[in-house]
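Use the sequences and the hints to build the structure in full.
The listed protein sequences correspond, in order, to chains A and B. Each residue of the first sequence is one higher than the one before, counting from 1276 in our numbering. Each residue of the second sequence is one higher than the one before, counting from 756 in our numbering.
Honestly, the hints are just simulated from the structure, not real lab data. As the structure is a computational prediction, the values presented were derived from the model and not from experiment. A few of these clues could be false.
What follows is a set of in silico ranges between Cβ atoms, one per label pair, in the way DEER data are often shown [said to hold, decoys possible]:
1. B:Lys786 - A:Lys1425: 27 to 35 Å
2. B:Arg1026 - A:Asp1696: 43 to 51 Å
3. A:Lys1425 - B:Lys801: 34 to 42 Å
4. B:Lys786 - A:Glu1670: 54 to 62 Å
5. A:Ala1294 - B:Asp799: 30 to 38 Å
For each residue, glycine too, the CB sits at the ideal point set by N, CA and C.
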Amino acid sequence: MEEKEKKEKIPRQPMPEQAPKVRIKNYREVPFGYLPETAMVEASRCIQCKNPGCKAGCPVEIDIPAFINSTREGDFQGAISKIKEKNLLPAVCGRVCPQELQCEKNCILAKKGEPVAIGRLERFVADWERSQGEASAKDAEPSEMKLAEKAPATGKRVAVVGSGPSGLTVAGDLILKGHDVTVFEAFQVPGGVLVYGIPEFRLPKAIVAAEVDYMKKLGVEFECDTVVGATVTVDELFEQGYDAVYIGVGAGLPVFMNIPGENLIGVYSANEYLTRSNLMKAYLFPEYDTPIIKGNNVAVFGAGNVAMDAARTALRLGADKVRIIYRRSRQEMPARIEEIHHAEEEGVEFFLLATPLTFIGDSDGRLIGVRCQRMELGEPDESGRRRPVPIKGSEFEEECDTAVVAIGAGANPLLTKATHDIQLNKRGYIIAEPETGKTTKKGVWAGGDIVTGQATVILAMGAGRQVANSIHNYLTLGW
Amino acid sequence: MWRCTLYKILEKQELVPNIHLIEVLAPAVAKKAQPGQFVIVTIDEKGERIPLTVADWDREGGSITIVFMEVGTTTQRLALFNAGDHIYSLVGPLGIPTHIDTYGTVVCVGGCYGIAAMMPIARAMKEAGNKVISVIEARSKYLLFWEEELARVSDQLITTIGDGSHAPERWIPDQVKHMVDSGGTIDLVVAFGCTYMMKLTSETTKSLGIKTVVHLNSVMVDGTGMCGCCRVLVGGETKFACVDGPEFDGHQVDWDILLARQRSYQEEEIRSLQDWETWRWRRASQKNSA
Chain A
1276 MEEKEKKEKI
1286 PRQPMPEQAP
1296 KVRIKNYREV
1306 PFGYLPETAM
1316 VEASRCIQCK
1326 NPGCKAGCPV
1336 EIDIPAFINS
1346 TREGDFQGAI
1356 SKIKEKNLLP
1366 AVCGRVCPQE
1376 LQCEKNCILA
1386 KKGEPVAIGR
1396 LERFVADWER
1406 SQGEASAKDA
1416 EPSEMKLAEK
1426 APATGKRVAV
1436 VGSGPSGLTV
1446 AGDLILKGHD
1456 VTVFEAFQVP
1466 GGVLVYGIPE
1476 FRLPKAIVAA
1486 EVDYMKKLGV
1496 EFECDTVVGA
1506 TVTVDELFEQ
1516 GYDAVYIGVG
1526 AGLPVFMNIP
1536 GENLIGVYSA
1546 NEYLTRSNLM
1556 KAYLFPEYDT
1566 PIIKGNNVAV
1576 FGAGNVAMDA
1586 ARTALRLGAD
1596 KVRIIYRRSR
1606 QEMPARIEEI
1616 HHAEEEGVEF
1626 FLLATPLTFI
1636 GDSDGRLIGV
1646 RCQRMELGEP
1656 DESGRRRPVP
1666 IKGSEFEEEC
1676 DTAVVAIGAG
1686 ANPLLTKATH
1696 DIQLNKRGYI
1706 IAEPETGKTT
1716 KKGVWAGGDI
1726 VTGQATVILA
1736 MGAGRQVANS
1746 IHNYLTLGW
Chain B
756 MWRCTLYKIL
766 EKQELVPNIH
776 LIEVLAPAVA
786 KKAQPGQFVI
796 VTIDEKGERI
806 PLTVADWDRE
816 GGSITIVFME
826 VGTTTQRLAL
836 FNAGDHIYSL
846 VGPLGIPTHI
856 DTYGTVVCVG
866 GCYGIAAMMP
876 IARAMKEAGN
886 KVISVIEARS
896 KYLLFWEEEL
906 ARVSDQLITT
916 IGDGSHAPER
926 WIPDQVKHMV
936 DSGGTIDLVV
946 AFGCTYMMKL
956 TSETTKSLGI
966 KTVVHLNSVM
976 VDGTGMCGCC
986 RVLVGGETKF
996 ACVDGPEFDG
1006 HQVDWDILLA
1016 RQRSYQEEEI
1026 RSLQDWETWR
1036 WRRASQKNSA
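So, in structure tokens, the structure goes:
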């Protein structure tokens, strides 16, 4: 009892980060991460529950108390190995998971105070492992990052379409189960949304590259520049000798608002804005060839993580004024708390309960403003959130030279159109069995955003885990 | 692996000043390419992704032919690549292929790089049993190319020269109008080339009541319908040129929006070209002093 009280007195350890005024001038990652001592202190806050709620809240069921216990003891290798039993992308998840809705939400300490900073600890041990690899690479005899053990080769071949979080999970799981895995990626580098969508200041691309590199060391093959549905079809993959195909292509279709003026120069989909900046490194233009409009006065529509990413990117591109315009209220904003907090700290303004009606352009077809309308909250809708209702006569105009539409993404039909025997729902998403990810086409699985609609990295990874088990069963036992 | 073996340039030619042909090793694309399709090319790790039309392919040899015009930094730099060099990334074939059918008389019109891009379309239209009349235009006679290639796949080849060296002076829309005025019937016009030519041609054929398809060259990033950069208004609906096109009904295209959006990055393009030229001069002067 005495010991427990003592533990509760240690406050949740803050993670040092770049000051807002400094970081909006650069693209470096915002938090610096824990030092080993801080991590051990934070880990010591965990009371090692017998029935850990945190583990139940994790979509990939990491043994969280066990990895935290190793961290507390300073056995960081033990901690990372424990995580990697369940999650091959810990450095990514430690950064982008909505922990407050998952593991940390269920932490017993959260009932009375602040939960253990599970995400920060996961991030710390993952970064520690990578830094060990980097340190030893300088030695004469580099000791490789410890590779997970692979089951004996089965001789079966799996094609994974899409190299985002779910594809990487499926690939990582199946390679360890002894299958040959090839990942097909449409872009020139692997990583999917981790590379084109999430900005450098939130998830450094070197980390994604290191995680992909780890997969390569395990034996996963990556074929970039391959659009499945155009360069090669799913049926042709079977003809080439693949025994199973996993479709994890994400929600790669921009959703526009279908309001007048949306084709003006300066109006971007979030997909385009972030792809130019992240994948193509337009923030380094003209050293990198891809341009991006560096607006002074930027309006971002939507309030999810993607909207926060776009708003914070606009600041770093040099905007004087950046606004998030959202039709509901603060409570309904779907972004991670940390992203909203970081955006506010950096000076992003929030225009809540407002919706755009028309974009306004000049005679050259360039955006100069947006006409909006104020909203109020009415009765809850299907999603359980209170429905925004327009207030008559409340129209107002706002100047802006750049607008980013970040109200979600839909199902990209390129692959599904070319694969006739896969059934889709009416919104174009692939119909897959919830437990296994099996589609209506034999030997084909699907998971992640192309099944669920736009969700989070970790949910896509959770889906990937289930699919990998199902594919493994199929390859060893049958459909 | 794929990156060191693929996308090797097998042949490089300057067809006419500023218009170049490259034959690139890309077996997966060569196996599938159809008339009217394009690839997205990134010349090096820092390069931008640009769409280039596939002008021809060798399915067995695994190579594709691309004809491009020097307009911006990327195409200027690509023009300096030679046989043996490698392109960083090349993906395709993308876009919906040209709809090939038996129409009757098909007039294929092309200008600039579109002359080459038109070739596989004219060939396929001819193979489908159409009477194919190809009309190609250039500002001056020395800028015309592939007359023989096009003549081989056409029933008739008409060349038009803008500078008057080739009387009577007629641009493509005038040629189409002239054909109709002299009693010819045209069932379909296919246009490939600069946006103004396609716009003017569409306006002419609209008044003549001739079905016209155009091949739009919007600015693109991914080329797979993911970003919406290439959006264009067709018949009042927003379409993505990369996946819904690039072939559209020329009478339905909102040309003003297309032309405006093509100028989205005009300032950046100038800046980029200046930087590139400065870099080139600096390198040249360093070589000289060394």
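Structure-based check of each hint:
A C-beta distance of roughly 33 Å is found between Lys786 of chain B and Lys1425 of chain A, which places it inside the suggested range of 27 to 35 Å. Roughly 50 Å separates the CB atoms of Arg1026 of chain B and Asp1696 of chain A, a value that falls within the hinted 43 to 51 Å. The beta-carbon spacing between Lys1425 of chain A and Lys801 of chain B, approximately 36 Å, falls within the hinted interval of 34 to 42 Å. The given range of 54 to 62 Å is respected by Lys786 of chain B and Glu1670 of chain A, whose C-beta atoms sit roughly 55 Å from each other.
For the hinted restraint 30 to 38 Å between Ala1294 of chain A and Asp799 of chain B, the CB-CB distance of approximately 36 Å keeps it satisfied.
Violated hints: none; the structure is consistent with every hint.
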